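Residue numbers (the numbering used here), protein chains in the order written: chain R, 69 to 276; chain F, 0 to 257.
Be aware that a few hints might be false.
To be verified - Going by beta-carbon spacing under 8 Å, a handful of chain R positions derived as facing chain F:
(1) E119
(2) A142
(3) A145
(4) L146
(5) R147
(6) W166
Simulated from the structure, these hints should not be mistaken for lab results. Please read these numbers as outputs of a predicted model, since none were measured by experiment. Glycine is no exception: its CB is placed at the ideal position from the N, C-alpha and C atoms.
In case you want the letters, here they are:
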Amino acid sequence: MSAAAEVALGYEPQAGSGLPGERIWIEAGGSHVVPAVGAALKPVLLAAVIELRPRKDARVVVLGAETGSLPEKARAALRAQVAFLPAGGGLLSNLNAWENITLPIGYHEPKRARGLASQVYALLEQFGADARALLAKLPESMTPDERMLAGYVRMRLGRPRLVLGEDPGGAPGASERRRAAAFAAAYLADCPEGTFVQLQEDASDGSG
Amino acid sequence: MIGVYRDIEGSMRLAGHVLRRFWVLKLPPVAEELVRQIYFTGASATTTIVIRGALIGTLIIAYVIEVLNADAALAVKLLLLVVLREIGPLIAAVLVIQRSGTAVATELALMKISGEVASLRHLRIDPQDYLVVPRVAGIALANTALTVYVQFIAVGGGMVLAALVIDASLEELAANFFLLASPLDVVYSVAKSLLFGAAIGVIACYYGLNPPGNSVNAVPKAAISAVTQATLAVMLLNVVFAYLVYGSALFGLFTADQ
Chain R
69 MSAAAEVALG YEPQAGSGLP GERIWIEAGG SHVVPAVGAA LKPVLLAAVI ELRPRKDARV
129 VVLGAETGSL PEKARAALRA QVAFLPAGGG LLSNLNAWEN ITLPIGYHEP KRARGLASQV
189 YALLEQFGAD ARALLAKLPE SMTPDERMLA GYVRMRLGRP RLVLGEDPGG APGASERRRA
249 AAFAAAYLAD CPEGTFVQLQ EDASDGSG
Chain F
0 MIGVYRDIEG SMRLAGHVLR RFWVLKLPPV AEELVRQIYF TGASATTTIV IRGALIGTLI
60 IAYVIEVLNA DAALAVKLLL LVVLREIGPL IAAVLVIQRS GTAVATELAL MKISGEVASL
120 RHLRIDPQDY LVVPRVAGIA LANTALTVYV QFIAVGGGMV LAALVIDASL EELAANFFLL
180 ASPLDVVYSV AKSLLFGAAI GVIACYYGLN PPGNSVNAVP KAAISAVTQA TLAVMLLNVV
240 FAYLVYGSAL FGLFTADQ
């Protein structure tokens, strides 16, 4: 068994458990890539690391905590410190960008939601977006880049210590990939103690 | 058969969740969803639903008066017993199932298939809190308001029609109606409409969140199941209410003056 103290993300399926993937062990801090995350492994990782659903057939460590033995209260507190950044932004189609961005804060910390506008504008403008126009748009009228940016800003407002980023796909050097790398860099510049983990798609996995 | 039990159990669990977590309506994003649902089910549908409901209610009265050769007293009794207590809530509920039940089941099934429900979980938001509680509350409230509109217009329309076809003035019919009606009729209608609306909301949300598959084909199937089962639930609830009022000890409360 490896020490968990300085680990941002650890996933170790038990031998013979039938779980997909191999051991993943990522130390806290900086940007990391987990290569070849197939369609079977991604939902398992998201359920274990983002939703912190307890597993008996794998050892899962998140931000130094063994999640298998975590009490419910500590699990809830830990969940607030991890975030998932989907390639498509993960926006709800019936909400505009502003409603999408402020949804989790409005739900978990309603008092904090009132003073978010300046922070949201600053984060959007950091990436050269016309904040006023973007915030009024529904996801269906946004470009893929705008959806991704809205998802990024929403993630940033949550102030997570561990971020799992979904591979945007496309060729190396494609604009989506450059944008994803820029998000990781901006996150780490503003939260130097944070950890950004990019889940790279398995190229041999047709279903992604 | 197992599927039927599973669906009933699932719907009951969802109803329990709504009751337990009703307080989430005070959270701003959930309250916004509630307002959206009330607007969609109630405000934006008022004209079409009320006109259709009132026409059906008035037609039923016209037929019944003709078939039974009713006099003023019977016409008023029909308006109270048939239109106000039974047809009004039932018509409003059926029209809400057609419009909002289908829309909610379709919307939620699409959200489930497109990964939006999973996105909510990733944001630590319980999809049942954010999607189900405001929809059930919104449909229940809007259904009650629509029922009142339908009753008002159907009873009014029925009275005007009755005044035209039988030997009684509109004033006489209205006076008889208000003499016969009691506050309990209002309580009965409101309780029934709230329960009908809540049942429609729970069933539509249950089938929407549990589509039979992960492809687009599952969406219309979820909508069809929601409409069928919500209609059945409303009919069953109506029978239970009818039994409570006409077939049990409560009968005396509603018939003491009649």
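Hint check:
A distance limit of 8 Å between C-beta atoms decides the matter here; for E119/R the minimum to chain F is near 6 Å, and the interface restraint holds. A least Cβ separation of about 14 Å between A142/R and chain F goes past the 8 Å threshold, and the interface hint is therefore violated. The interface hint given for A145/R is broken, as the beta carbon of that residue sits about 11 Å from the closest beta carbon of chain F, more than 8 Å. With its C-beta approaching chain F no nearer than about 11 Å, L146/R sits outside the 8 Å limit, and its interface hint is violated.
Because the closest C-beta pair between R147/R and chain F is about 5 Å apart, less than 8 Å, the hint holds. Hint status for W166/R: violated, given a least beta-carbon distance of 12 Å to chain F, over 8 Å.
In summary, the numbered hints that this structure violates are 2, 3, 4, 6.
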